[in-house]
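Asks: Start from chain A and add chain B according to the hints.
Listed here are the chains, written in short residue letters.
2 protein chains.
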Amino acid sequence: MTPSAAPLDHVRHEVDRSIREFLDRQRPLFDDPQLAVLLSTAEGFLTGGKRLRPAFCYWGWRAAGGGEEPGMHMAAASLELLQASALIHDDVMDASDVRRGMPAVHRRFEQVHADSGWHGSAGQFGEGVAVLLGNLLLVWAGEMWRTSGLPAEALAVAQPVHDHMLTELMCGQYLDLLEQAQGESTFEGALRVALYKSGKYSVEQPLRLGLVLAARARHDWIDRLCAQYGTQIGIAFQLRDDVLGVFGDPAETGKPAGDDLREGKRTMLIARALAEASDVQAQAVRSLLGDPDLDARGVERLRSVIEDTGALAACEGMIKRYLDDALHALEQAPIDETARTALAALAVAATTRRT
Amino acid sequence: MTPSAAPLDHVRHEVDRSIREFLDRQRPLFDDPQLAVLLSTAEGFLTGGKRLRPAFCYWGWRAAGGGEEPGMHMAAASLELLQASALIHDDVMDASDVRRGMPAVHRRFEQVHADSGWHGSAGQFGEGVAVLLGNLLLVWAGEMWRTSGLPAEALAVAQPVHDHMLTELMCGQYLDLLEQAQGESTFEGALRVALYKSGKYSVEQPLRLGLVLAARARHDWIDRLCAQYGTQIGIAFQLRDDVLGVFGDPAETGKPAGDDLREGKRTMLIARALAEASDVQAQAVRSLLGDPDLDARGVERLRSVIEDTGALAACEGMIKRYLDDALHALEQAPIDETARTALAALAVAATTRRT
Numbered sequence: 001m002t003p004s005a006a007p008l009d010h011v012r013h014e015v016d017r018s019i020r021e022f023l024d025r026q027r028p029l030f031d032d033p034q035l036a037v038l039l040s041t042a043e044g045f046l047t048g049g050k051r052l053r054p055a056f057c058y059w060g061w062r063a064a065g066g067g068e069e070p071g072m073h074m075a076a077a078s079l080e081l082l083q084a085s086a087l088i089h090d091d092v093m094d095a096s097d098v099r100r101g102m103p104a105v106h107r108r109f110e111q112v113h114a115d116s117g118w119h120g121s122a123g124q125f126g127e128g129v130a131v132l133l134g135n136l137l138l139v140w141a142g143e144m145w146r147t148s149g150l151p152a153e154a155l156a157v158a159q160p161v162h163d164h165m166l167t168e169l170m171c172g173q174y175l176d177l178l179e180q181a182q183g184e185s186t187f188e189g190a191l192r193v194a195l196y197k198s199g200k201y202s203v204e205q206p207l208r209l210g211l212v213l214a215a216r217a218r219h220d221w222i223d224r225l226c227a228q229y230g231t232q233i234g235i236a237f238q239l240r241d242d243v244l245g246v247f248g249d250p251a252e253t254g255k256p257a258g259d260d261l262r263e264g265k266r267t268m269l270i271a272r273a274l275a276e277a278s279d280v281q282a283q284a285v286r287s288l289l290g291d292p293d294l295d296a297r298g299v300e301r302l303r304s305v306i307e308d309t310g311a312l313a314a315c316e317g318m319i320k321r322y323l324d325d326a327l328h329a330l331e332q333a334p335i336d337e338t339a340r341t342a343l344a345a346l347a348v349a350a351t352t353r354r355t
Numbered sequence: 001m002t003p004s005a006a007p008l009d010h011v012r013h014e015v016d017r018s019i020r021e022f023l024d025r026q027r028p029l030f031d032d033p034q035l036a037v038l039l040s041t042a043e044g045f046l047t048g049g050k051r052l053r054p055a056f057c058y059w060g061w062r063a064a065g066g067g068e069e070p071g072m073h074m075a076a077a078s079l080e081l082l083q084a085s086a087l088i089h090d091d092v093m094d095a096s097d098v099r100r101g102m103p104a105v106h107r108r109f110e111q112v113h114a115d116s117g118w119h120g121s122a123g124q125f126g127e128g129v130a131v132l133l134g135n136l137l138l139v140w141a142g143e144m145w146r147t148s149g150l151p152a153e154a155l156a157v158a159q160p161v162h163d164h165m166l167t168e169l170m171c172g173q174y175l176d177l178l179e180q181a182q183g184e185s186t187f188e189g190a191l192r193v194a195l196y197k198s199g200k201y202s203v204e205q206p207l208r209l210g211l212v213l214a215a216r217a218r219h220d221w222i223d224r225l226c227a228q229y230g231t232q233i234g235i236a237f238q239l240r241d242d243v244l245g246v247f248g249d250p251a252e253t254g255k256p257a258g259d260d261l262r263e264g265k266r267t268m269l270i271a272r273a274l275a276e277a278s279d280v281q282a283q284a285v286r287s288l289l290g291d292p293d294l295d296a297r298g299v300e301r302l303r304s305v306i307e308d309t310g311a312l313a314a315c316e317g318m319i320k321r322y323l324d325d326a327l328h329a330l331e332q333a334p335i336d337e338t339a340r341t342a343l344a345a346l347a348v349a350a351t352t353r354r355t
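Protein chains in written order, with this note's numbering: chain A, 1 to 355; chain B, 1 to 355.
Treat the hints as calculated values from the structure; they're not laboratory data. As the structure is a computational prediction, the values presented were derived from the model and not from experiment. Ideal placement from N, C-alpha and C gives every residue a C-beta, glycine not left out. Among the clues, some could well be false.
With the C-beta cut set under 8 Å, the calculated list includes, among others, these residues of chain B facing chain A [unchecked claim]:
# : residue
1 : L29
2 : V92
3 : G120
4 : G128
5 : G183
In isolation and in its complexed conformation, chain A is listed as follows:
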């Protein structure tokens, strides 16, 4: 299988190995029987995941002339720990029950508390442990990045990008909470959340990190490629996420059907639907969206509104345009040819995925 045909598969094996290696380094601290569960839960959680962020980072590195190097695999893999941290905290903040087809981390520890007949609130215990495990993965993501084995000069150039990405991620998640709470559904608001919450941190910044690490400088062409290809694939990635959050197959997404509707997420799909909705349709959205007890019929009703108003087709059209524009920008960039082919395939994979 050539790398260009399978840019994700090419990275997966090395990312998995790097994660195992890093966790093994932490193991001595966790030989205490009471602490062991923290490491094993992190390990279990980290076996899932598409490895998309490491792939963008790795292929950015190759694009700017980097070769195969264990340090790069380790640095790229650290982005998977960051993502694990964000998902575990996200599930607490959204009060989600399920992740990757399994009970969310806070629910698992809530269950342990309930089964053990411990003191205090089981829910509060579960949330507390999930906050701490997310924190642990967040600090480990930084440690793994810095101790990856890449040359200090390369890391020094990339570190401000890394720092910026983390601040941007927390701000993006805050904007997401705020939009949901304010219940406004404008195109601009939805695009902004898509870009800050997920787009930048899932695609643009991992790509930039790889490019800057290999180039050991922040060239104009890197910023151009990140601003065009990176931003557009980032937004399209999040729009695909939004579509899957409403229409995805639970067997593939690992989340219950219509979960985003139940959580009241203010996505581009919703903004588009409300802009074109009749009074009756708008009323249905207002009364059903964000209802924590939304059942299968309610999900079906909202899906119909989203399809009938043309919102679904409009979002698919946006995804296609962003993808086309990104691929065009990719053509112009002065990068390695194998990486160009891989980044094109990765762009398609990120925006047409079913999970």
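Replies: Leaving out everything else, chain B in the frame of chain A:
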């Protein structure tokens, strides 16, 4: 005022200035009116605090021969951001209402949500924002540490200590949650929590960081001083915290009277009280400790049991012994004399404080 007479005051001004300087660097990212509140909340929170951790770090640095250096003030001050992160998350995990005499961060954002009549659960919104703000402060603590301006060689030697401290902090907080949930009250358990949750991260590791940064190496005498003076003052610091959590004056601690009792904290005071309690007294502890609605009378009843069983006097005796042993260890260390005097005063301040 000489440094030796006021080792905290000596550091406070420079720590405050460093925090302002770091936050000013972040400001451009927060000129967005929706994001500004995150920065201003962080700023407000960071004006409080005893600056104890930066002081141990700074005087560790001076002890191993370091001089006045802006980079050191910045590095030491970063520990205050880490502490702010831990407190904001702690208040979420403990469902605490008040911190430093003000509503806890999650309660403040809950109130904003309620006052604005936004969608969804106000409580969930408040908790979500507090988790994110704590994350922001956690990643900033790392960034501030690394970009302090200290020489790269010094930071490289100290970085593993810093990484270890963060992992240990999360593990210690997990053990605290677990002890509280399991409701066991053994001396060993209480000591372990005191050491891991707070002692190491409040005293021993900040001190070690300062020592290692100045010495640019991990000498045996550093480990000895940290294991003796550092560990003992760390435990005594937490035991003082436990006493203040039950007997402290709300006007000074900034927390409601008897807050630790309401939260069901399994401290050394409780372990000691239960070990000596009559059946009636033990029954009172079991029925009142951890009751979220515990009123002033209940607090008074528990205080009486803790005093009458001799638990309070026993804890005060432990604090005194740890302090004496630590001061003795300090005498033996091959360190700068001004720093020795300051560390002695700091040890007294940390273990006899009223806030």
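Asks: Does each hint hold? Answer for all of them.
Replies: Outcome of the hint check:
1. Given hint, L29 (chain B) at the interface with chain A, holds; its Cβ is 6 Å from that chain's nearest Cβ, closer than 8 Å.
2. Given hint, V92 (chain B) at the interface with chain A, holds; its Cβ is 7 Å from that chain's nearest Cβ, closer than 8 Å.
3. The interface hint given for G120 (chain B) is met, as the beta carbon of that residue sits about 6 Å from the closest beta carbon of chain A, less than 8 Å.
4. Contact between G128 (chain B) and chain A, as hinted, is supported at the beta carbon level, the nearest pair being about 4 Å apart and thus within 8 Å.
5. Evaluation of the G183 (chain B) hint against chain A yields a held restraint, the C-beta minimum of about 4 Å falling below 8 Å.
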